[in-house]
Amino acid sequence: MALFRFSTDPPTRPLVRTPNLVLRAPQATDYAAWAVLRMESRDFLTPWEPVWNEDDLTRTSFRLRVKRAAREIATDEAYSLFIVDGQSDALLGGLTLGLVRRGVAQACTLGYWMGQRHAGKGHMTEAVRGALRFAFSDLALHRVEAACLPNNEPSRRLLERVGFRREGEARAYLRINGQWADHLLYGILSTDRISGGSDAGAR
0 MALFRFSTDP
10 PTRPLVRTPN
20 LVLRAPQATD
30 YAAWAVLRME
40 SRDFLTPWEP
50 VWNEDDLTRT
60 SFRLRVKRAA
70 REIATDEAYS
80 LFIVDGQSDA
90 LLGGLTLGLV
100 RRGVAQACTL
110 GYWMGQRHAG
120 KGHMTEAVRG
130 ALRFAFSDLA
140 LHRVEAACLP
150 NNEPSRRLLE
160 RVGFRREGEA
170 RAYLRINGQW
180 ADHLLYGILS
190 TDRISGGSDA
200 GAR
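Under numbering that gives the first Met the number 0, the first residue of the sequence shown carries the number 0, and numbering increases by one thereafter.
Careful: at least some of the hints might be erroneous.
As the list claims (entries may be wrong) - Distance ranges between label pairs, derived from CB positions: (1) E39 x Q105: 36 to 44 Å; (2) V35 x A73: 36 to 44 Å; (3) R12 x D42: 31 to 39 Å.
Worth flagging that the hints you see were computed from the coordinates, not collected in a lab.
The beta-carbon is built from N, C-alpha and C at its ideal position, and this holds for glycine as well.
Generate the whole structure from the sequences, applying the supplied hints.
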């Protein structure tokens, strides 16, 4: 097990490598690529995300996001990572292992987003497999939880494809696009098989 402890500066080394992707902490220099990808994907992402703040895409807001991500990694609270193409270094999307609970739980929650022009190409499936191996091996977690809207068929298929099991449904679970929405609840354990692929885990 290799728990990471960093300063408030974002770690520059990748936390996860897969055959085609790198998962790493956001850097201040990512702002332009991130802002363009989020803006051009806004209509695509809106049905699945909380309402964006007016200043969401500003450089100041992004700088705070980077600092928060670094602090949360340093304190083992959450791992907010950018998904980057391993060959071109292009930003594809993001993935978070959040709300890390230690003690008797040893669990976290998984969230993710993909830029519209990169969706449907298998990138997120590969990224989630790599993140799960990182969660179970490097972070020594026992359980990863996820939730998705019942009508988000691509997300449901992704979770089930990689080995998550549907465990129930929560009423008015999260406020998405301005409305409290029911969510399907999924979970995967360190003792479960991560289905499909031969992605390398964290290195």
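### Query
Which hints, by number, does the structure contradict?
The structure breaks only hint 2.
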